[in-house]
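Protein chains in written order, with my numbering: chain A, 1 to 63; chain B, 1001 to 1658.
None of these hints come from the bench; they were simulated from the model.
Don't take every hint at face value.
Ranges between beta-carbon positions, derived for each pair [unchecked claim]:
1. B:Gly1304 to A:Asn10: 56 to 66 angstroms
2. B:Asp1108 to A:Glu30: 23 to 33 angstroms
3. A:Ser26 to B:Ser1218: 55 to 65 angstroms
4. A:Thr33 to B:Ser1418: 54 to 64 angstroms
5. B:Lys1416 to A:Ile8: 57 to 67 angstroms
6. A:Ser26 to B:Ile1122: 44 to 54 angstroms
7. B:Gly1111 to A:Lys5: 25 to 35 angstroms
To list a few chain B residues with every Cβ distance to chain A over 10 angstroms, as calculated [what the hints assert, rightly or not]:
8. Ser1115
9. Leu1116
10. Ile1122
11. Glu1153
12. Asp1187
13. Gly1193
14. Asp1247
15. Leu1267
16. Phe1283
17. Glu1300
18. Pro1311
19. Thr1349
20. Gly1437
21. Phe1505
22. Ser1552
23. Ala1587
Being a predicted model, the structure only gives us computed values, none of them experimental.
Idealized CB from N, CA, C, for every residue including glycine.
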Amino acid sequence: MFGKKLKIENELLERAEKASKAAGYSSVDEFVTHIIEKELAKIEDASTEEEMKNKLQGLGYIS
Amino acid sequence: MTGRNKYFHFLIFALLVVAVVISGCGSRPDARKEGKRVLVLGFDGMDPKLLARFNEQESFPNIEKLLRVNEVRTLRTSMPPQSPVAWSNFITGMNPGGHSIYDFIVRDPSGYSLSLSTSRSIPAEKKINIAEWSIPVSKSRFELLRKGRAFWEILEENDVPATIFRIPSNFPPVQSGRSISGMGTPDLLGGYGSFTYCTDTPPENMDEITGGDIPIVSATDGHFVCKVEGPPNTFVKGVPDTSATIDVWVDSENHSAKIRVSDKTFLLNEGEWSPWVRLDFPFIGRLAKASGIVLLYLKEVHPGFKLYISPVNIDPENPAMPISYPADYSKELYEKVGYYYTQGMPEDTKALDHGLLSDSEFMIQAHEMDRKVEDIFDYELERFTNGFMFYYFSDTDLRTHMFWSALDPSHPEYGKRSEVARKVVLDTYRNMDRILGKAMEALKEGDTLIVVSDHGFASFARSFHLNSWLKDNGYITLLDDFNQGQYEFFENVDWTRTMAYAVGFNGLYINEAGREGNGIVAPGPEKRKLMEELRAKLTAVVDPETGQKVVSNLYFADEIYDGNYIGSASDMIVGYNNGYRASWESALGKMPRKWFDYNTQKWSGDHCVDYIHVPGIILSNRKIAIENPALTDMAPTILNEFGIEKGDGMIGRKIFTE
């Protein structure tokens, strides 16, 4: 299933193509999707952890 | 009467006798004894040492009556002695191996991310998108993560009515009996209490203040507009935050202000608290909104403008989240006593800690909470004709956390505390004795009364950066040593070269191969050897400032827990010595370049230490027959009072003689 197209600079695309082949991905699309998912997971985890920290501050256990 | 009729009447009589005998021999005859009552008062954190000390200074007549039945009895608390863990032991009759609540904070072994242990929210799965709207067609919900059955579920199954008031670790409340949730219940924003401090004068310590929002405002002709942050609007794409407006017109000459909140306008004098007021946060115009309630405190009108607004509590009349069972129970209480605190831990410890509220101002807020808690207690006590009731008081816990250093001359902050602060805890114990007197007066012969505290208290004078110690001793390797201490949540950790890490206030994990995402320590003998090594080293750590040992015991999970969920436990549980606690930073995976800090916060008493230092209290009007009673004994004891066998997996014992 295809979503929106993303713009990317040619030079970066070439580097991504090389890296995706070296890392054994079947296509650059798969490689880029994987990288975005990985970064998103980090950000989403971080927001959950910040939320947790705020909650513990509300309880008083965290400064 | 003919012989045949005689035979017929005899047969009917015999059948009736058999029916009566059968019903009398049923599995739960005692459970439905009409009028049998068991009342448990939960005084969170009431400490046996403080009680003895205060009792030397003055009489507590009602507590003393119970002490004549049983001499001072300490109650073995949970390990670790954290409130969600301790009350889960009480609720389920199991230890953490059975109910799966081990600490305030847990980690996901695959990615080492941290989260809260007791509940989680699950967003609505299905939404319809129309223009800028994103309308949920299924409900978001909350899930209680505690495992095991609550004892009152078993009571209710046996036709024993149960009322449970604000017990911790029960959000959302289990679908049984009549209950309102306690510690763990969020405010309307989903946190555990975030205040707003609206001012035109930024506090000097502005950058250090946590636990709330400080909007800096300016006046136009004496008119200030304060915005209070509301819950995110899940009906709109992008989920923007909502807010509500409070208008304030100050009268500097008379040191007062006219305040408009929603459709209500009222006057407040400087130094005065408002009654509860409702705030509405619209989602889709007037079609959908969330309602919350706040208290306002007009701290100063002139020369600076300072308005404190309490965390936005869930409106009990129209709750946006499930805070009671049945759902309309919170509204029923509202109709009886008016608005009341619904947030899990109502006292605003952060506002006090950061000096936004003084000791006296904090206590006025606390007394508002006390008043409503007691109003509801009176209401429930009056209609308590049979069955079971648990009633919870948080006062003894939060106030000992905040005012310990005012009581303890050995605490480094003792000299800085106010005269008001020195009286708070004693006043609170005195008040609990008075409440106990009300309960004793309401009970009759044959009723059972139990007073329980889930843990006691210890000094929190020094904090220990356990993760920094692990790093300096080679158990944690950083990706970038130069930036040590800059990151939270283990962000700078090289997991492929890390052997052990500490999470939360007492948990210590091995980075186990096959379990953790990048685990390197083989399970079995290699892991055990490392655990033994850590036990030997950590129990030998001495604080160079005080000469005291920091850790009195390091427990292994498989030595102290039973149950089906041991696999979720931390491998080791750190039992801190009296005076020490895990640092705020270490609990969240941050590693400053030092091992110790003085605790200069007003939050100066704590109980996240070795359980042997902080037992709770048990008092009763019945003779306690067993040695060393524990929190896990309470559920089987309560069930037995109604002639009901203890539930599956309960490890506790009955504490009374038959």
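Run the structure past the numbered hints and jot down the numbers of the failing ones, going up. The structure conflicts with hints 6, 8, 9, 12, 13, 18, 19, 21, 23, although it agrees with all the remaining ones.
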